[in-house]
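Q: Protein sequence lines correspond, in order, to chains A and B.
Here the numbering used here is used: the first residue of the first sequence is 1, the next is one more, and so on.
Here the numbering used here is used: the first residue of the second sequence is 76, the next is one more, and so on.
None of these hints come from the bench; they were simulated from the model.
Cβ atoms here follow ideal geometry from the backbone N, Cα and C, with glycine treated the same way.
Incorrect hints may have been included.
Unchecked claim - Cβ pair distances, simulated, as ranges: (1) Thr7(A) - Leu151(B): 19 to 29 Å; (2) Thr17(A) - Lys261(B): 21 to 31 Å; (3) Lys261(B) - Arg32(A): 19 to 29 Å; (4) Ala253(B) - Thr17(A): 15 to 25 Å; (5) Gly102(B) - Glu10(A): 41 to 51 Å.
Residue-level listing of the chains:
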Amino acid sequence: MTGTTGTTQERLRDAATALGQTIQPGDIPPLRLRLPEPGRRAVPGREVVPGPGGTQGPGGTPGRRRGRRPAPGPG
Amino acid sequence: MSLDLPGPAGRVRATVGEPAGGPGGPGDPAVAVTALYAEHALGLTRLALVMVRDRQAAEDIVQDAFCGLHRLWPGLRDKNRALPYVRSAVLNGCRSEFRRQRRDRSGRDGYEGYLPPAWSAESEAEASAERREVLQALTRLPARQREALVLRFYLDLSEADTADAMRISRGTVKSAVARGLAALRKLLGEQS
Chain A
1 MTGTTGTTQE RLRDAATALG QTIQPGDIPP LRLRLPEPGR RAVPGREVVP GPGGTQGPGG
61 TPGRRRGRRP APGPG
Chain B
76 MSLDLPGPAG RVRATVGEPA GGPGGPGDPA VAVTALYAEH ALGLTRLALV MVRDRQAAED
136 IVQDAFCGLH RLWPGLRDKN RALPYVRSAV LNGCRSEFRR QRRDRSGRDG YEGYLPPAWS
196 AESEAEASAE RREVLQALTR LPARQREALV LRFYLDLSEA DTADAMRISR GTVKSAVARG
256 LAALRKLLGE QS
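Hey, can you work out the whole structure from these sequences and the hints?
A: Structure representation (C-alpha cells):
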C-alpha cells in the first residue's frame, strides 16, 4: 500500500472514531425485547400479520389460504 | 419481566414480556441475548451511527437486530454465530435506513446527496471540517464499498470477518476495499 492509501485509511479511522465516540456507554438504551402477542407470529419489520383469509397477493388480490384443500363437493 | 445485567454503562436493564424457556436461567434466550447486547451494543451502535449518521436511527437498528436474534435464538445451533448474525442484521438495517433517508430527502427537494447531521449541535462545533469532509465522502460511496471500508478500518475486522458480516466472499471484500479507498481518495482530493 502507498503512503497516501495509509493516509486515507487513517483519516477515515479518525473521522469514524470521533463520530462513534459521541455515543458513550451510558447513552446505550436498555434492550427492549418485543415478544409476539399470543396467536401472532413475529415478522421482522412487519407489524401486520395476515388475517384468517390468507395473505394478499401482488396488486392487492387476495391470496389463497394455505394448508387447506377445498371440501369435496356433494356427490 | 426485567433483567439487570452488567453492560457498558455498568448495569443494563432488559425488559421482556414472557421469557421463553426457563425464565432467568442460562438457557433463557432473553438472558443470553441481553448479555450479548450488553457486550456489543455500544460498538454496534457506533458502527450504525457511522453508517447512517443518525443517532436515533442507529439505536433503533441495533435494537431491531437484537430482537431478531432473540426470535432466532432457539433455532440457532451454533451460538458462536450470534455476533456475526447480529452484525449482518445491523448492516442490513443501515442499508434500509440509508435508502430511506435518501428517498425522503430526494422526494422533498431533489437533492440526492442528503446527509443527516452526524453530530449534535454542541459537538458539531468541535468536529473538524476535515472529519466532516471524510464522512461526507464516505456516504457518497456505493453501499458495499462504504461497508467494507468501515468494517475493515473502523472496526478493524479481518477480511474473513468482514466477508462474514457482509455475506460476500473475501475476494469481493478485497476489491470493495481497494475500489472504496481509491474512490475516497479521489473524493478527498488526495494524490494517488
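Q: Run every hint past the structure and note whether it holds.
A: Hints versus structure:
For Thr7(A) and Leu151(B), the Cβ-Cβ distance of about 41 Å falls outside the hinted range of 19 to 29 Å, so the restraint is violated. For Thr17(A) paired with Lys261(B), a C-beta distance near 23 Å keeps the hint of 21 to 31 Å intact. For Lys261(B) and Arg32(A), the Cβ-Cβ distance of about 42 Å falls outside the hinted range of 19 to 29 Å, so the restraint is violated. Judged by the Cβ atoms, the range 15 to 25 Å given for Ala253(B) and Thr17(A) holds: they are separated by roughly 22 Å.
Distance hint check for Gly102(B) and Glu10(A): the Cβ-Cβ separation is about 45 Å, which falls inside the suggested range of 41 to 51 Å.
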